[in-house]
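Build the full structure now, drawing on both the sequences and the hints.
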Amino acid sequence: MSLIEVHEVSKAYGGIHALDACSITVEKGSITGLIGPNGSGKTTLFNVITGYERVDSGSITFDGKPITNAHPDDVFALGVGRTFQLTRIFPRLTVMENMHVAMQRKGLRALLGRWSSSHEQERARELLNFVGIAHLQDLPAGNLSYGQRKLLEFAFILIADPQVILLDEPAGGINPTLIQQLAGRIKSLNELGLTFLVVEHNMEFVMNLCHKVMVMHRGSRLTEGTPAEVRANPAVLEAYLGE
Amino acid sequence: MSLSKARPALLLVLFLVAALFPLVFSNPAITTVAVFTLIYAASGVAWNIFSGYTGYIALGHAAFFGTGCYVIALMCEHWNTPAGYEPFLFVPVAGLVAAVLAIPVGAIALRTRRHTFVVITIAIFFIFQLMAFNLSGITNGSSGMSLPLLLWSGDFFNIPFYYASFILLLLALGAAWWIRNSKYGLTLLAIRDDEDRARGLGVKTAMMKLSAFVLSAFFVGMAGAIWAYFMQNFFPQFAFDPLFDVSVALMCFMGGLGTLSGPIIGALIVIPAQQYLEIQIGDSPLYLVLYGVLFLAVILLLPQGIVPSLSRWWATRKSRHLEAAAESSEGTPGAQQTVVAESR
Chain A
1 MSLIEVHEVS KAYGGIHALD ACSITVEKGS ITGLIGPNGS GKTTLFNVIT GYERVDSGSI
61 TFDGKPITNA HPDDVFALGV GRTFQLTRIF PRLTVMENMH VAMQRKGLRA LLGRWSSSHE
121 QERARELLNF VGIAHLQDLP AGNLSYGQRK LLEFAFILIA DPQVILLDEP AGGINPTLIQ
181 QLAGRIKSLN ELGLTFLVVE HNMEFVMNLC HKVMVMHRGS RLTEGTPAEV RANPAVLEAY
241 LGE
Chain B
244 MSLSKARPAL LLVLFLVAAL FPLVFSNPAI TTVAVFTLIY AASGVAWNIF SGYTGYIALG
304 HAAFFGTGCY VIALMCEHWN TPAGYEPFLF VPVAGLVAAV LAIPVGAIAL RTRRHTFVVI
364 TIAIFFIFQL MAFNLSGITN GSSGMSLPLL LWSGDFFNIP FYYASFILLL LALGAAWWIR
424 NSKYGLTLLA IRDDEDRARG LGVKTAMMKL SAFVLSAFFV GMAGAIWAYF MQNFFPQFAF
484 DPLFDVSVAL MCFMGGLGTL SGPIIGALIV IPAQQYLEIQ IGDSPLYLVL YGVLFLAVIL
544 LLPQGIVPSL SRWWATRKSR HLEAAAESSE GTPGAQQTVV AESR
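Chains A and B, in that order, are what the protein sequence lines are.
Here the first sequence is numbered in my numbering, starting from 1 and rising by one per residue.
Here the second sequence is numbered in my numbering, starting from 244 and rising by one per residue.
Since the hints were derived computationally from the structure, they do not count as laboratory data.
There may be inaccurate statements among the hints.
[What the hints assert, rightly or not] Pairwise CB distance ranges, derived in the manner of DEER restraints:
hint	chain 1	residue 1	chain 2	residue 2	range
1	B	R560	A	G173	31 to 41 Å
2	B	P546	A	T223	51 to 61 Å
3	A	N129	B	D439	24 to 34 Å
4	B	L263	A	G132	47 to 57 Å
[Claimed, not checked] In silico lysine to aspartate or glutamate, DMTMM-like type, Cα no more than 20 Å apart, as pairs:
hint	chain 1	residue 1	chain 2	residue 2
5	B	K447	A	D74
6	B	K447	A	D138
7	B	K447	A	E53
8	B	K447	A	D73
Using N, Cα and C, we set each Cβ at its ideal position, and we do this for glycine too.
Written as structure tokens, this is what we have:
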């Protein structure tokens with residue numbers, strides 16, 4: 001069953017067609033890889049799915065519900081979390097405060113209550129433990145290393161129990177040990193039923209992790225298949241290296 | 244000695260000093276400066292709830308200060324309110340009217356960010372000022388407005404205004420403190436750090452920003468109303484005074500943007516200095532030049548403001564003590580922790 005369905009979506013910036021009638025589906029419970037040369041529209045695709053950019057045409061559904069041009073906060077509330085290519089956290093808040101931002105409350109009274117309520121605090125600590133940065137919880141997040149920031153961003157996405165997480169280059173700029181750890185975390189979360197869509201340039205990471213890989217080229221999907229199939233496809237090599 | 248343990252006692256002492264101040268220093272020249280300082284401190288604390296927490300620097304809050312002035316003056320005129328304590332009852336109404344006007348103003352201005360937002364707030368302020376000059380049927384135009392003439396003796400005159408503005412300051416401070424510890428406040432700080440990331444975590448940023456803007460306008464409107472009654476009469480260019488925003492922003496930057504005590508410390512320095520200079524060099528706008536110099540000095544020497552700089556200094560000192568005590572300890576994370584804890 002497909003969880004995210006992108007149907008014929010186009011998005012142009014001036015004369016540049018970042019997305020050109022692009023259609024993809026992400027199956028529920030899968031880890032789907034999204035690869036392609038620079039400028040092939042991977043991040044733009046993430047942006048239109050999560051509501052950061054408006055589409056020119058086409059439609060997007062999540063779990064059967066239309067989310068075309070919805071606002072980022074609504075898309076997140078439905079259960080679509082994302083990380084950014086250049087990790088984005090709240091640098092002047094502590095690690096713990098960062099975690100609490102993602103834990104939304106409804107209603108005025110709840111909003112005006114203290115942010116550090118006990119059950120939320122426990123959940124936040126649990127997830128910080130899960131990614132392995134619980135010992136840093138009182139530090140300003142701006143003091144963390146790049147890799148630790150990635151882990152923090154990953155942790156605070158998880159706090160709202162999303163159904164699917166879009167990861168934009170999760171392995172970029174972090175050391176091999178951490179990459180291994182991250183892959184392990186993604187796999188164990190996937191076993192619990194969480195769906196992932198991963199943009200990544202580290203081919204080893206993608207090939208080891210993903211059930212299915214989609215290749216983007218010039219704003220649309222070139223091909224898709226298992227990692228082995230994609231690797232064997234001559235069109236993919238051509239897209240990367242040119243003709 | 245731990246600062247956090249001594250804090251309640253310290254706050255109580257400060258409260259008593261402030262509460263008893265006009266009874267000890269009863270010289271009207273001094274209490275006048277004190278009243279101005281309190282009005283500005285309350286405005287600064289309120290401005291800081293929006294600009295300090297969200298990082299959106301608004302330079303048009305004088306529009307709400309001026310609104311407060313006109314609302315109290317018009318109400319007194321309309322109901323022929325006798326001079327005395329009654330006009331103080333209109334102060335919350337003045338705040339409410341300012342807050343209601345802040346809803347469309349904020350809704351428009353907050354569609355923009357950063358520098359554009361600053362410029363838009365200034366522009367909206369000037370629209371308010373122009374309206375005060377030109378809607379002479381309501382506002383009396385350039386001849387300004389008067390409030391009920393108080394016949395209190397010179398020794399007593401300042402006392403009610405001192406306590407009215409002191410209560411306003413405490414209310415604004417209470418709101419700022421409450422918000423700082425709430426989920427709502429955490430959300431505002433997240434908007435300051437990275438608004439788009441916050442949206443991607445389900446934060447209704449537009450509503451959060453607007454509500455903080457309106458709340459700060461509410462307190463600033465009340466400050467304007469107290470100021471107007473204190474002045475007894477005012478001209479539109481002083482009710483809607485661009486210098487109000489310069490002073491408030493300077494106070495908050497100097498004390499520490501987004502901190503609780505920063506705006507008060509800033510007001511304690513800026514406003515008495517301004518009053519002193521006005522007396523010394525007369526009404527000449529020379530003190531504006533000094534404002535400029537002060538602003539530059541703050542940005543260059545204390546970009547974080549007094550409160551965060553002091554607490555950082557305190558934290559490093561403390562961590563050095565700790566390191567000396569236990570040489571093997573890994574002191575630095577602890578030091579950074581205290582920075583976070585103390586700079587509130």
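* Honestly, which of those hints from before does the structure not fit? -> 6
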